[in-house]
Amino acid sequence: MSTAPRNPPFRAEHLGSLLRPSRLLNKRHAIQQSKDSDTDLPQLEDDCIKEIVQVQNACGIHSVSDGEYRRHMFWGTFFPTLNGMKEIFNPDPEIFREYVPDIAAFLEDEKVPGESVICDGKISHTGQSSYIGQFEYLKTIVPKERHGEIKMTLAAPNWYHLRYKEGKAYPKEVYSSDEEYFGDIAKAYQTELRILYDAGLRNAQVDDPNLA
Numbered sequence: 325m326s327t328a329p330r331n332p333p334f335r336a337e338h339l340g341s342l343l344r345p346s347r348l349l350n351k352r353h354a355i356q357q358s359k360d361s362d363t364d365l366p367q368l369e370d371d372c373i374k375e376i377v378q379v380q381n382a383c384g385i386h387s388v389s390d391g392e393y394r395r396h397m398f399w400g401t402f403f404p405t406l407n408g409m410k411e412i413f414n415p416d417p418e419i420f421r422e423y424v425p426d427i428a429a430f431l432e433d434e435k436v437p438g439e440s441v442i443c444d445g446k447i448s449h450t451g452q453s454s455y456i457g458q459f460e461y462l463k464t465i466v467p468k469e470r471h472g473e474i475k476m477t478l479a480a481p482n483w484y485h486l487r488y489k490e491g492k493a494y495p496k497e498v499y500s501s502d503e504e505y506f507g508d509i510a511k512a513y514q515t516e517l518r519i520l521y522d523a524g525l526r527n528a529q530v531d532d533p534n535l536a
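Heads up: the sequence shown begins at 325 in the numbering used here, then just goes up one per residue.
Hints listed in this document are in silico derivations from the structure and should not be mistaken for laboratory results. These numbers come from a predicted model, not from an experiment. Just to be clear, a hint being listed does not mean it is correct.
[Claimed, not checked] Under the rule of at most 25 Å between Cα atoms (straight-line distance), these lysine-lysine pairs were calculated in the DSS-like manner:
1) LYS511 x LYS435
2) LYS489 x LYS511
3) LYS410 x LYS496
4) LYS468 x LYS496
5) LYS446 x LYS463
[As the list claims (entries may be wrong)] Okay, the calculated beta carbon distance ranges per label pair:
6) GLU503 x ARG347: 44 to 52 Å
7) GLN514 x LYS489: 25 to 33 Å
8) ARG518 x ILE412: 23 to 31 Å
9) ASP360 x ASP444: 26 to 34 Å
10) GLN356 x SER500: 25 to 33 Å
11) PHE413 x GLU469: 20 to 28 Å
We put the beta carbon where it would ideally sit given N, CA and C, even for glycine.
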């Protein structure tokens, strides 16, 4: 049984990912359709994050997040920025486990994921966190005495591995077993969390919607 202390300075918290404002969704859609420039996207994200932080404060929520407004999807940029992981576009549907909830949702609509991330080499952390900027911005709009309440989220270590059928999650010439694969994933998480901790983060949440 875990003996880790469980005394956060609040009684309840939200998931972390909040509804994106229409103007932010519309902006991203226009950029994706090559109908707009992404030059002013960061400023729009800043403005939307300021507003959602104010909403959380007004509601009395102490585990403040940025609503994951800078992310296209909740899993963010941790995996794609690791050494040994690459983004793939229009992947072969045959590589996926059809019963995994997020894959099944696509198949029900007669679609497949347009992109995914998969191992193509030995996995390691680069030493640079793609989440530091998100955390540092929150620190500028949350009072210093509440920096310990800021929440950052990461996708579960098994998120992409679970998507793929047996033998498809990594090259066999790179890893001989799941244990080796997850061993390097664990080291990457340890590095990421250490970087964020050293920057002042004290509330990290690992998300695994497939358990819900």
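Verification of the hints:
no., hint, result
1, LYS511 x LYS435, "violated, 34 Å"
2, LYS489 x LYS511, "holds, 24 Å"
3, LYS410 x LYS496, "holds, 16 Å"
4, LYS468 x LYS496, "violated, 48 Å"
5, LYS446 x LYS463, "violated, 34 Å"
6, GLU503 x ARG347: 44 to 52 Å, "holds, 46 Å"
7, GLN514 x LYS489: 25 to 33 Å, "holds, 28 Å"
8, ARG518 x ILE412: 23 to 31 Å, "holds, 29 Å"
9, ASP360 x ASP444: 26 to 34 Å, "holds, 32 Å"
10, GLN356 x SER500: 25 to 33 Å, "violated, 39 Å"
11, PHE413 x GLU469: 20 to 28 Å, "violated, 44 Å"
Figure legend: structure checked against the earlier numbered hints; hints not met, in rising order: 1, 4, 5, 10 and 11.
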